[in-house]
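> The chain contents come next:
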Amino acid sequence: MAKVELKINGKAHSYDVEDRTLLVNLIRDHAQLTGTHVGCDTSQCGACTVHMNGVAVKSCTVLAVQASGADITTIEGMAKGDKLHPVQQAFTECHALQCGFCTPGMIMAVTGFLKDNPKPTDEEIYHGLEGNICRCTGYINIVKAVKQASKAMAK
Amino acid sequence: MHTFSYVKATTLKQAGELLAANADAKLLSGGMTLIPTMKARLAQPSHLIDIGGIAELSGIEAKDGKLTIGAATKHVEVAKSAVVKKAIPALAYLASQIGDPQVRNRGTIGGSLANNDPAADYPSAVLSLGATIVTNKREIAADDFFQGLFSTALGAGEMIVKVVFPVPAKAAYEKFPHPASGFAMAGSFVSQRGKDVRVAITGAGPGVFRWKDAEAALGKKLAAASVEGLSVDATDLNEDMHGTKEYRANLAKVMTKRAVGKLSGK
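Those protein sequence lines, which keep their order, are chains A and B. Under our numbering, the first residue of the first sequence is numbered 178, with each subsequent residue one higher. Under our numbering, the first residue of the second sequence is numbered 551, with each subsequent residue one higher.
Honestly, the hints are just simulated from the structure, not real lab data. It is possible that part of the hints are untrue.
Each computed BS3-like pair below joins lysine-lysine, with the alpha-carbon atoms no more than 30 Å apart [unchecked claim]: (1) A:K328 x B:K635; (2) B:K812 x B:K771; (3) A:K296 x B:K630; (4) B:K635 x A:K292; (5) B:K720 x B:K771; (6) A:K324 x B:K635; (7) B:K576 x A:K180; (8) A:K184 x B:K558; (9) B:K589 x A:K184; (10) B:K630 x A:K332; (11) A:K324 x B:K630; (12) A:K292 x A:K260; (13) B:K770 x B:K807; (14) B:K630 x A:K184; (15) B:K558 x A:K188; (16) A:K292 x B:K576.
Simulated coverage check for chain A against chain B, where a stretch passes if three residues somewhere in it have a Cβ under 8 Å from a Cβ of chain B [to be verified]: (17) 188 to 198; (18) 207 to 220; (19) 226 to 235; (20) 240 to 251; (21) 280 to 290.
Listing some non-contacts, in silico: residues in chain A with all C-beta distances to chain B over 10 Å [what the hints assert, rightly or not]: (22) D259; (23) Q266; (24) Q275; (25) P295; (26) K296; (27) T314; (28) G315; (29) N318; (30) V320.
All C-beta atoms, glycine included, are put in the ideal place defined by N, C-alpha and C.
Could you put together the complete structure from these sequences and hints?
Below, the structure is given as structure tokens:
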């Protein structure tokens, strides 16, 4: 067993977990934050994307114990009270989701991407979101939302 | 995933000792290949020795015509590094094309080389540039390091500490990624240092290899037309539902021509 002490969305947590526990399982089963999804469980689809110390990672491919001491942000930590994060707002307005399963991971990936690339071209958006799959294939509106969020965040 | 014991090493010495003491232990840094492999139960190490936090294993430095990259340096760091972009821009470009952003945020150069996946990107740069792999025990030349499908010269208890790249006059990397997986169906890293031109092909065969006919031709004249009449020997190349041996041989040639076309220096 391993002791994992970490911050999730600004709040300190401490858990005793098996060494093989994945970060996504700690988030969903122990912290009971189920907004982070498990899609493929093979690090391809990106539905489990969260931020670890401000950087987008696939939480199904990180051991919980590797995140000990880290600062984790999940989709639940993005809005400030009733005010959605600009990326969430843009996804809502552009209808950048169909079934919504990939959306939390997509929003975390987009937020990470825009930090590095605040004014992306379409090509840069395609390359920047290669780690996330939308099985409804709703990419056109996702790309629109990224551009809208980029404008909103530049203001 | 089978159970294992997790140990966080804080120094290189401690990691080496843990590795030597446990025959079935594996080193963990980014875990971008190891964790999926364990989840699929294709590996079941007794211990995972986490070397991600060892300061001596990280960092990028350019000095005296050499670029040194620590084994636990992440792909994103190489891709964004001003030092790498200045010394070997093709290497920064290669790193920016590995996997996807989340994978680049965790995966490391040492992990990629030690794993030696036949479709990995880094082995082509290391072999083409004639880099030296520095381990906790010795220095290994790139030409001796890669030994085919997931095999390297690393012995028991041995771990990569850093990779030293001689800075070339010119270099370029081009790959044809599989549209779904993103892995190279074929990739070619071409570099020139003095009169020496080296061409390393990844993705097409069971392991990275040098295309020596192309090297000789490009050594005489460094132009895409020099490889026009040549062909990669398809005998030992990979063949699967994605492409035949001959298809991959042709792709390797096309990628080489494209790489020659975009050769850049520092």
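> Hints first: check each against the structure and report whether it holds.
Here is what the structure says about each hint:
no. : hint            : verdict
1   : A:K328 x B:K635 : holds, 29 Å
2   : B:K812 x B:K771 : holds, 15 Å
3   : A:K296 x B:K630 : holds, 17 Å
4   : B:K635 x A:K292 : holds, 20 Å
5   : B:K720 x B:K771 : holds, 14 Å
6   : A:K324 x B:K635 : holds, 28 Å
7   : B:K576 x A:K180 : holds, 21 Å
8   : A:K184 x B:K558 : holds, 20 Å
9   : B:K589 x A:K184 : holds, 26 Å
10  : B:K630 x A:K332 : holds, 26 Å
11  : A:K324 x B:K630 : holds, 23 Å
12  : A:K292 x A:K260 : holds, 20 Å
13  : B:K770 x B:K807 : holds, 15 Å
14  : B:K630 x A:K184 : holds, 28 Å
15  : B:K558 x A:K188 : holds, 24 Å
16  : A:K292 x B:K576 : violated, 34 Å
17  : 188 to 198      : holds (count 3)
18  : 207 to 220      : holds (count 3)
19  : 226 to 235      : holds (count 5)
20  : 240 to 251      : holds (count 3)
21  : 280 to 290      : holds (count 3)
22  : D259            : holds, 29 Å
23  : Q266            : holds, 22 Å
24  : Q275            : holds, 20 Å
25  : P295            : holds, 15 Å
26  : K296            : holds, 17 Å
27  : T314            : holds, 13 Å
28  : G315            : holds, 18 Å
29  : N318            : holds, 20 Å
30  : V320            : holds, 15 Å
The structure does not agree with numbered hint 16 stated previously, though it agrees with all others.
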